[in-house]
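Peer 1: Position chain Y against the provided structure of chain V, taking the given hints into account.
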Amino acid sequence: MFEMPIINQDLCNGCGLCVMVCPEDALTLAGNTVWLTRTENCDYCGECEAVCLPGAIQCPFEIVVESYYKYI
Amino acid sequence: MTVELDALRSIPYFEGLSQAELEAVRQLVFEKTADRNEVILLEGDPPGAIYFVMSGALKAFKTSPEGKEQILCILRPGDSFNDVAAFDGGPNPASVRAMSPVRLYGIAGPDMHDLMRRYPTIAINVVRDLAQKVRHFVTLVEDLSFRHVTERVARLLLEYATEPEGTEGGTRPRLTQQEMAAMVGSAREVVGRSLKALEEEGAIRMERHRIAIVDKETLKELASGEV
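Heads up: the sequence lines are chains V and Y, in that order.
The first sequence begins at -3 in our numbering and counts up by one.
The second sequence begins at 42 in our numbering and counts up by one.
No wet-lab data here; the hints were simulated from the structure.
All C-beta atoms, glycine included, are put in the ideal place defined by N, C-alpha and C.
Hints may be right or wrong, so weigh each one.
So the derived list for chain Y, only partly shown, Cβ under 7 Å to chain V, looks like this [as the list claims (entries may be wrong)]:
no., residue
1, 201
2, 249
3, 250
Just chain V, with the same shape it has in the complex:
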């Protein structure tokens, strides 16, 4: 299963910049907040996180050692 950006709708100010910069058209603005509506499109590029001033979108990374990661 693919990890998806984490959206905190309480922090979202509805500016819509993330929707505009998303190169894969994965986000939608509805009810003055952002929603990840086309998850299959999201390639986790982080552009949405980069432009979000209130920090409502996060694209966190898991940090793993390859030798361990191979077996999970």
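Peer 2: Then chain Y, alone, in the frame of chain V:
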């Protein structure tokens, strides 16, 4: 396309102007639109207009001779760019590319000079705005030239890597690039470049939501500044 007074009022350079003064500004403003990935300015080109972001987002960046890109800042609605070239008459100091469809307002450099002479409020606003930009870039210069951010990012990755059970470490929280920047005392833009550098050295591999340490010894050497 009409330049709106309310939109002009939202631009920091034009805060505090009267209706009549804003109307005078409006006479000199033009509108420009661009699509995602369109390059608005190229580093080294002759100076043109000052631009104000009305909608959308853009990246200001410099490119090294090897083609590496260093993002200087992300420009959002209300921000201006190309001020430096328009004010000092030199070439554009950086390139700017649209991250989304964008709508911009622009004013030719000589027109902006004229407005500042006529309306001191604008000149004061410009000085304040440029001072904030200088502050941002001084921090960036410090990061890029004096601090070894890549070393610190390498150390952070070693510290935060999830290790096999029964060994040091254990499960660690996932980190955003913003959080990594805060933890190493740098900017998100610099951390992004450091991660790319570590990947080019073969120490890590960037995956969708995972940073895999593929060569721990090399990463340790990079963390100690030995490479």
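Peer 1: Which hints, by number, does the structure contradict?
Peer 2: Violated hints: none; all satisfied.
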